[in-house]
Each structure stands twice: as structure tokens, then as C-alpha cells.
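Engineer: Below are the chains, spelled out letter by letter.
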Amino acid sequence: MNIHEYQAKELLAQHGVAVPSGHACQTVEQAVEVAKGLFDEGHSMIVIKSQIHAGGRGKGTFKSGFQGGVHLSRNLEDASAKIQSMLGEVLVTKQTGPEGRRVKTLLVASAESIVSELYLAVLLDRETSQPLIMASTEGGMDIEEVAEKSPEKIVKLQVDPSMGLMAHQARRIAAELQLPSGLIGQAAKCLMGVYQTFWECDASLVEINPFCIVEKADGSQAMAAVDAKISIDDNALYRHAAIQQMRDLGEEAPLEIEASRFDLNYIKLDGNIACLVNGAGLAMATMDIIKHYGGEPANFLDVGGGATTEQVTAAFRIILSDPNVKGILVNIFGGIMQCDVIAAGIVAAAKETNLSLPLVVRLEGNNVALGKEILENSGLSLVSGDSMADAAQKIVAAVG
Amino acid sequence: MSILVDSNTKVLVQGITGGFGGRHAKLSLDYGSQIVAGVTPGKGGQQFEERVPVFDTVSQAVEQTGATASAIFVPPPFAADAILEGVDADLDLVICITEGIPVKDMIRVKNAMKGCKTRLIGPNCPGLVTPGDGEDSKGGCRIGIAPGYIHKKGNIGVVSRSGTLTYEAVWQLTCKGVGQSTCVGIGGDPVNGTSHLDVIKMFNDDPDTHGIIMIGEIGGSAEEEAAAWIQEHCQKPVAGFIAGTTAPPGRRMGHAGAIVSGGKGTAEAKIAAFKDAGIHVAQTPSEMADVLLQAM
Chain A
1 MNIHEYQAKE LLAQHGVAVP SGHACQTVEQ AVEVAKGLFD EGHSMIVIKS QIHAGGRGKG
61 TFKSGFQGGV HLSRNLEDAS AKIQSMLGEV LVTKQTGPEG RRVKTLLVAS AESIVSELYL
121 AVLLDRETSQ PLIMASTEGG MDIEEVAEKS PEKIVKLQVD PSMGLMAHQA RRIAAELQLP
181 SGLIGQAAKC LMGVYQTFWE CDASLVEINP FCIVEKADGS QAMAAVDAKI SIDDNALYRH
241 AAIQQMRDLG EEAPLEIEAS RFDLNYIKLD GNIACLVNGA GLAMATMDII KHYGGEPANF
301 LDVGGGATTE QVTAAFRIIL SDPNVKGILV NIFGGIMQCD VIAAGIVAAA KETNLSLPLV
361 VRLEGNNVAL GKEILENSGL SLVSGDSMAD AAQKIVAAVG
Chain B
401 MSILVDSNTK VLVQGITGGF GGRHAKLSLD YGSQIVAGVT PGKGGQQFEE RVPVFDTVSQ
461 AVEQTGATAS AIFVPPPFAA DAILEGVDAD LDLVICITEG IPVKDMIRVK NAMKGCKTRL
521 IGPNCPGLVT PGDGEDSKGG CRIGIAPGYI HKKGNIGVVS RSGTLTYEAV WQLTCKGVGQ
581 STCVGIGGDP VNGTSHLDVI KMFNDDPDTH GIIMIGEIGG SAEEEAAAWI QEHCQKPVAG
641 FIAGTTAPPG RRMGHAGAIV SGGKGTAEAK IAAFKDAGIH VAQTPSEMAD VLLQAM
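Residue numbers (the numbering used here), protein chains in the order written: chain A, 1 to 400; chain B, 401 to 696.
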């Protein structure tokens with residue numbers, strides 16, 4: 001699960017990471033009030049940031065024509081105008097797709113002058129099954145590009161999960177980032193706080209880009225997490241009630257939200273051949289084989305092993321809610337799933353949704369004979385596939 | 401022959417009194433697997449199917465029955481603990497079927513298991529099958545959730561991250577009259593106990609495995625790691641299939657480990673690694689058996 005920048009900063013602040021002072025605002029009045037408060041406190045510059053689950057906000061454009069999803073401001077009148085141009089409008093960035101995202105929240109925060117931009121992230125290293133810290137002097141950029149062009153500029157440290165990130169390790173990273181001696185202590189505290197956020201919140205990624213040296217009003221320098229991105233392991237949400245509350249349904253596709261209500265694993269794609277499969281690997285392979293035979297998959301859908309008739313019917317309804325869908329391929333190899341259960345579910349679902357689109361069903365596995373019998377006796381016009389290849393070719397031909 | 405398990409392996413089932421665990425323990429019994437004990441804390445003294453004793457702890461079960469392997473059908477919040485209980489009881493093999501264990505729990509489990517003799521397979525896996533001589537391959541060892549009847553005793557090793565794709569490969573082989581030595585599902589999670597490479601090394605050393613089918617998917621670099629080793633060391637023909645060429649980047653495709661992140665873990669890269677290593681690549685899952693048999 002992804003969360004917004006302002007929520008990520010809340011979690012980081014709870015773990016002792018220095019974040020700029022600011023507040024998330026859902027109304028113009030609130031945003032202007034926060035801006036006024038920051039100016040009154042003595043901050044000469046503030047930043048107004050669109051909160052969406054996508055990057056590239058700074059360079060994005062609102063559908064209204066207003067340029068930029070992130071704006072600096074030096075006075076209240078200017079800030080107020082910018083707030084009004086952003087809040088409630090749809091922002092299009094390189095990562096949102098052409099439809100963009102509506103900005104329902106602005107983060108209004110102090111903006112100290114940035115002396116330098118670094119990069120900091122904590123993630124799982126799949127090769128060692130341990131948390132990995134990645135840090136670089138090349139902040140404010142696409143880290144994948146840095147990894148490709150100048151990998152020597154990325155510092156990596158594996159963390160022993162039973163020890164956590166130790167203070168001396170944090171100081172070493174700070175030194176390798178060429179931070180001045182006076183900032184090493186602060187930076188180490190931030191690094192440890194970032195690691196603790198990752199570990200205690202069950203994150204799959206915590207990324208601070210840029211992680212900055214900033215100059216404060218009094219001329220001294222400090223570390224600050226100027227941007228933050230956190231993804232939480234979906235498998236761990238059950239034990240994080242407060243983080244569950246951070247879910248933003250507006251950032252998820254409606255059909256995917258509906259599917260999650262029924263514990264269905266559904267991802268919408270752009271094609272016109274829908275698939276319903278048991279097992280993630282088989283579901284991916286089904287999308288792949290549709291494409292292989294010249295069709296375009298409309299979705300990924302794994303009904304899992306224990307799918308009930310209710311879930312199968314819900315799955316059909318969700319698939320059919322996608323106006324692009326012109327045909328359905330059901331591919332089931334029953335391990336946990338039993339073929340007679342899925343067959344009964346398909347029949348019920350097809351009848352309840354008054355299915356008139358081409359339907360190809362391929363069944364194999366536990367109780368297959370019974371399953372095939374249920375389909376044959378259903379009175380539905382459906383085509384049986386003998387193998388995956390056969391079924392895929394049949395649905396591609398039927399949809400045309 | 402086989403790797404890891406055979407008809408002599410004594411298996412206990414953690415979570416045997418739950419619906420899911422119970423159903424598959426029964427199917428394993430029907431298959432002829434030696435399910436000698438069940439473990440559910442608080443239900444010690446009960447009998448499963450009137451013949452399998454249930455114990456409160458894994459240690460008790462091991463002590464009383466000599467079980468050397470465990471199948472774990474325990475819900476996600478308790479599964480990591482169940483794995484470590486099996487390790488603590490010095491089992492040879494722990495196979496964790498459970499899907500949905502938090503990654504952090506598995507990071508801790510894997511770390512805690514370093515230096516222990518127990519091999520973990522999974523989590524989020526369908527288990528493993530060494531087919532037997534009997535009708536519908538009964539008489540072998542089935543641990544987990546795979547349909548028994550699709551197997552046939554023979555000489556092909558199958559290793560896969562996906563359950564249902566494994567069944568596809570196995571059924572294709574069986575339908576062509578070609579049997580399997582052992583079929584191992586390593587599971588779809590990003591942190592797991594046993595990799596493709598671990599299993600392929602075992603197949604390479606097994607005199608009765610003559611060919612290997614390896615099934616992978618997007619995410620991580622396990623397939624690339626295996627491919628590099630295969631190129632240098634593997635004595636047997638390998639056919640491979642990678643699922644997820646059409647998966648959009650950055651999305652978790654069902655399996656927690658099936659995600660292309662930061663441009664890494666793409667199907668294209670894995671397929672290229674397979675080809676470089678001399679692994680015969682099946683373009684579609686329907687060809688997995690044919691591709692291997694042609695190479696043999």
C-alpha cells in the first residue's frame with residue numbers, strides 16, 4: 001500500500017527524522033491559515049506541494065493549464081493564489097497517465113534553502129533477504145539513472161535484522177556521503193530514524209529524495225527529509241491499524257477497490273479479453289498467452305484457491321464492468337480450487353450477469369470431470385478449451 | 401528416486417485441525433503419504449481422521465512419531481512462529497504453504513535459521529510431490545496442495561515459483577507418458593527458504609533426474625542466478641518458462657514477489673539470461689514439456 005508524502009513524513013517524524021514543519025490541508029482556508037502561520041513564525045519561504053501517489057509533481061501540469069504541482073512562495077498573497085490554483089484541480093505528471101489525479105490535499109511546509117541534495121532509501125535486498133540501505137550524494141535525481149551511469153556514487157549497506165542499523169554504521173554512511181563533521185551526528189540520527197520507520201512500519205520501501213542539507217534562518221546548517229515516499233507491505237497491514245487509515249481510495253482504480261472487497265486479486269489493463277484464473281503465476285501466464293496469440297488482455301485476476309460462488313460472481317461482475325471487455329477466458333487448474341466449485345460459480349455468475357459475450361472455459365485439476373459436467377449441463381453457450389494454448393486461441397478468434 | 405522426500409518420509413502437519421490443513425492432510429493420506437502426526441496447540445490428544453495423532457507441540461510430535469518433515473497450514477500472523485518451531489525441533493524439512501506472511505517476519509525467520517540444519521521451502525508455496533508407483537501416482541509423497549493424480553513417477557525434475565503453472569508442466573509431461581522425479585514449488589514470496597538454484601543443484605546431483613523444467617516469473621533475480629550456475633555446472637538439459645511478460649511495472653501481480661521494481665526483475669531480462677545460459681525457453685506455458693523433451 002502506498003501513502004502520501006505528508007503521511008510518510010508523519011511516520012518519519014514519529015521516529016526522530018527531521019522533516020520540514022508543515023501541515024496537510026484539504027481546504028483553501030486551512031492551507032492559507034497554515035501558510036500564514038509559517039510566515040508569521042519567521043519562515044521567509046514556504047512550499048506548497050500537491051499530494052498524489054505519483055512522482056514528477058514539480059514538472060507536472062494541471063488540466064486547467066496551471067503549471068507545476070509544487071510551488072515555492074515568499075508571501076501570503078502569492079501563496080493564496082497558488083493554493084487556489086492547485087487544490088481540487090487535476091494534476092497530470094509523467095507518472096499519472098494522461099487522465100491525471102485530482103489533488104485533494106496540499107502539503108504546506110516551510111522551505112529552507114537547500115545547500116545540497118542527497119538520496120537515501122531503505123528496501124529489501126532480495127539477494128540476501130536483508131534490509132538494504134542505499135545512499136548517494138546524487139539526490140534530487142532519478143536514482144535508477146545514477147545506478148546506471150555512476151554506480152560508484154551509491155553507498156550500500158546491508159543491515160543485520162537482529163541488530164538494526166547501528167549508530168556507528170549510520171555515522172559511516174554519513175561520512176561516506178562526505179557530510180561535514182558538524183552534521184554527521186544529525187545525519188546519523190536521521191538515518192537510524194529512517195531505518196526504524198522502515199522496520200517498525202513493515203515498509204517495503206522508504207525513500208527520501210532529496211535528503212538535504214538545508215540552511216536555517218540563523219545561518220546554521222541542518223539535515224532535512226525534503227521529500228518522502230513510503231510503501232507498506234500489504235501482508236503486514238493487519239497489524240497497523242493507524243496506517244490502514246491512511247489508505248486513499250481516490251488513488252486506486254474503482255474496479256480494483258471493488259475487487260479487494262471480495263479478496264480478489266485484480267489489476268485492470270487496457271485490452272479487451274478478460275481473464276479469470278486461479279493462481280498468480282498461471283494468471284500472469286494467461287495474460288501472456290493471450291498476447292502471444294494476438295489478443296490484448298483486459299486484466300489480471302487471480303481468484304485464489306478458496307474462491308466461493310459469491311467471489312466468482314463478484315469477479316464476473318467486476319470483469320464485465322470494464323466497458324472494453326469483449327470476451328472472457330476462464331483458465332482454472334484446480335489444486336486448492338476444485339473444478340466443480342468453479343464451474344458452479346461460472347454458471348451462476350454467467351446467468352446472474354446475463355452474459356452475452358464469448359466465454360471460453362478451460363478446466364483441469366481436482367474434480368475436473370464433475371466440473372466439465374456442470375458446464376455441459378448448464379445450458380450456457382460457452383466454448384471449452386483443451387489446453388491453455390487451445391483456449392487462448394479460441395477466445396482471441398471469438399473476440400476478433 | 402527423488403530429492404527431499406519419498407515414500408518413506410514421515411510428515412507432520414502443523415494446522416491439521418484447521419479446514420484448509422485438514423482437507424489437504426486427508427488428500428495427502430489418500431495419496432499414500434506418511435502423515436504420522438498433526439500439531440495444533442491446545443488440541444493435543446485428539447485424532448485426525450481416526451488415525452493421525454494430534455499433539456500440542458512439534459517437539460512432542462517428533463519425539464512420539466519420528467517425523468522429519470512438516471507441512472505448515474497456519475494463518476499468516478502465526479506462521480513465522482510455526483516455521484521456527486519446526487526448526488527448533490530439528491526437522492530436516494519445513495514446508496510452509498501459508499500465503500500472506502509479512503516480509504519482515506520472513507526476514508527475521510531466515511536470519512534466525514542461519515546455521516540450522518532445517519531446510520525451509522516456501523512460504524506461499526504449493527509444496528512438493530515425489531510421485532509413487534501406484535494408480536494415479538499414489539504411494540509417493542505429497543506434501544502441500546497439489547492435485548496428486550496429475551503426477552507420474554519418472555525422471556523429470558520440476559521447480560517453480562507458481563503452483564498452478566507447476567501443475568500445467570506436470571500434467572503436460574504425464575499426458576505424454578513422461579514422469580517426474582520430484583516436483584518442488586518454492587513459492588511466490590520475495591523472501592523464501594529455498595531458491596530455484598538450491599533445487600536445481602539437488603536435481604543435478606540426483607541420478608534419477610534426467611531433465612529439468614524451471615518455471616519463474618517477474619521480480620527478483622533468482623532465475624538469473626540459477627541460469628548463471630546452470631551454464632557452468634548443470635549436467636542435465638533444462639527447459640524454462642517465465643511468466644509476466646505482459647505485467648505492468650511497479651504492480652504486485654498476485655504473488656508478493658512478482659513485481660518489477662526500479663526496472664529490475666523483468667521477464668525480458670530473465671528470458672535473456674535463460675537463453676544466454678543454454679536453457680531452452682518455452683514461449684508459452686503450453687510448450688514447457690515439448691521444449692524439454694525436444695532438448696533431451
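Everything labelled a hint here was simulated from the structure, so no lab data went into it.
Some hints could be false.
The calculated lysine-lysine pairs, modelled on DSSO-like cross-linking and capped at a C-alpha distance of 27 Å, are [said to hold, decoys possible]: (1) B:410 - B:510; (2) B:553 - B:576; (3) A:94 - B:664; (4) A:372 - B:538; (5) B:664 - B:510; (6) B:664 - B:601; (7) B:510 - A:372; (8) B:664 - A:149; (9) A:189 - A:216; (10) A:229 - B:538; (11) B:664 - B:675; (12) B:553 - A:156; (13) A:156 - A:104; (14) B:576 - B:410; (15) A:59 - A:229; (16) A:229 - A:156; (17) A:291 - B:664; (18) B:410 - A:153; (19) A:372 - B:636; (20) B:675 - A:291; (21) B:576 - B:664; (22) A:156 - B:514; (23) A:94 - A:291; (24) A:149 - A:104; (25) A:229 - A:153; (26) A:229 - A:291; (27) A:156 - B:510; (28) A:104 - A:94; (29) A:59 - B:664.
Pair by pair, the computed Cβ-Cβ distance ranges are [as the list claims (entries may be wrong)]: (30) B:549 - A:260: 28 to 38 Å; (31) B:605 - A:104: 36 to 46 Å; (32) A:257 - B:512: 36 to 46 Å; (33) B:449 - A:258: 45 to 55 Å; (34) B:419 - A:323: 35 to 45 Å; (35) A:378 - B:549: 42 to 52 Å; (36) B:443 - A:239: 45 to 55 Å; (37) B:694 - A:397: 36 to 46 Å; (38) B:690 - A:13: 26 to 36 Å.
Heads up, the beta-carbon is just placed ideally off N, CA and C, and yes, glycines get one too.
Engineer: Are the hints correct? Go through all of them and say.
Structural biologist: Evaluation of the provided hints:
{"no.": "1", "hint": "B:410 - B:510", "result": "24 Å, holds"}
{"no.": "2", "hint": "B:553 - B:576", "result": "13 Å, holds"}
{"no.": "3", "hint": "A:94 - B:664", "result": "20 Å, holds"}
{"no.": "4", "hint": "A:372 - B:538", "result": "24 Å, holds"}
{"no.": "5", "hint": "B:664 - B:510", "result": "23 Å, holds"}
{"no.": "6", "hint": "B:664 - B:601", "result": "25 Å, holds"}
{"no.": "7", "hint": "B:510 - A:372", "result": "43 Å, violated"}
{"no.": "8", "hint": "B:664 - A:149", "result": "16 Å, holds"}
{"no.": "9", "hint": "A:189 - A:216", "result": "18 Å, holds"}
{"no.": "10", "hint": "A:229 - B:538", "result": "52 Å, violated"}
{"no.": "11", "hint": "B:664 - B:675", "result": "18 Å, holds"}
{"no.": "12", "hint": "B:553 - A:156", "result": "47 Å, violated"}
{"no.": "13", "hint": "A:156 - A:104", "result": "36 Å, violated"}
{"no.": "14", "hint": "B:576 - B:410", "result": "31 Å, violated"}
{"no.": "15", "hint": "A:59 - A:229", "result": "17 Å, holds"}
{"no.": "16", "hint": "A:229 - A:156", "result": "19 Å, holds"}
{"no.": "17", "hint": "A:291 - B:664", "result": "22 Å, holds"}
{"no.": "18", "hint": "B:410 - A:153", "result": "53 Å, violated"}
{"no.": "19", "hint": "A:372 - B:636", "result": "38 Å, violated"}
{"no.": "20", "hint": "B:675 - A:291", "result": "21 Å, holds"}
{"no.": "21", "hint": "B:576 - B:664", "result": "36 Å, violated"}
{"no.": "22", "hint": "A:156 - B:514", "result": "22 Å, holds"}
{"no.": "23", "hint": "A:94 - A:291", "result": "26 Å, holds"}
{"no.": "24", "hint": "A:149 - A:104", "result": "37 Å, violated"}
{"no.": "25", "hint": "A:229 - A:153", "result": "21 Å, holds"}
{"no.": "26", "hint": "A:229 - A:291", "result": "34 Å, violated"}
{"no.": "27", "hint": "A:156 - B:510", "result": "21 Å, holds"}
{"no.": "28", "hint": "A:104 - A:94", "result": "19 Å, holds"}
{"no.": "29", "hint": "A:59 - B:664", "result": "25 Å, holds"}
{"no.": "30", "hint": "B:549 - A:260: 28 to 38 Å", "result": "34 Å, holds"}
{"no.": "31", "hint": "B:605 - A:104: 36 to 46 Å", "result": "59 Å, violated"}
{"no.": "32", "hint": "A:257 - B:512: 36 to 46 Å", "result": "37 Å, holds"}
{"no.": "33", "hint": "B:449 - A:258: 45 to 55 Å", "result": "40 Å, violated"}
{"no.": "34", "hint": "B:419 - A:323: 35 to 45 Å", "result": "39 Å, holds"}
{"no.": "35", "hint": "A:378 - B:549: 42 to 52 Å", "result": "25 Å, violated"}
{"no.": "36", "hint": "B:443 - A:239: 45 to 55 Å", "result": "25 Å, violated"}
{"no.": "37", "hint": "B:694 - A:397: 36 to 46 Å", "result": "27 Å, violated"}
{"no.": "38", "hint": "B:690 - A:13: 26 to 36 Å", "result": "58 Å, violated"}
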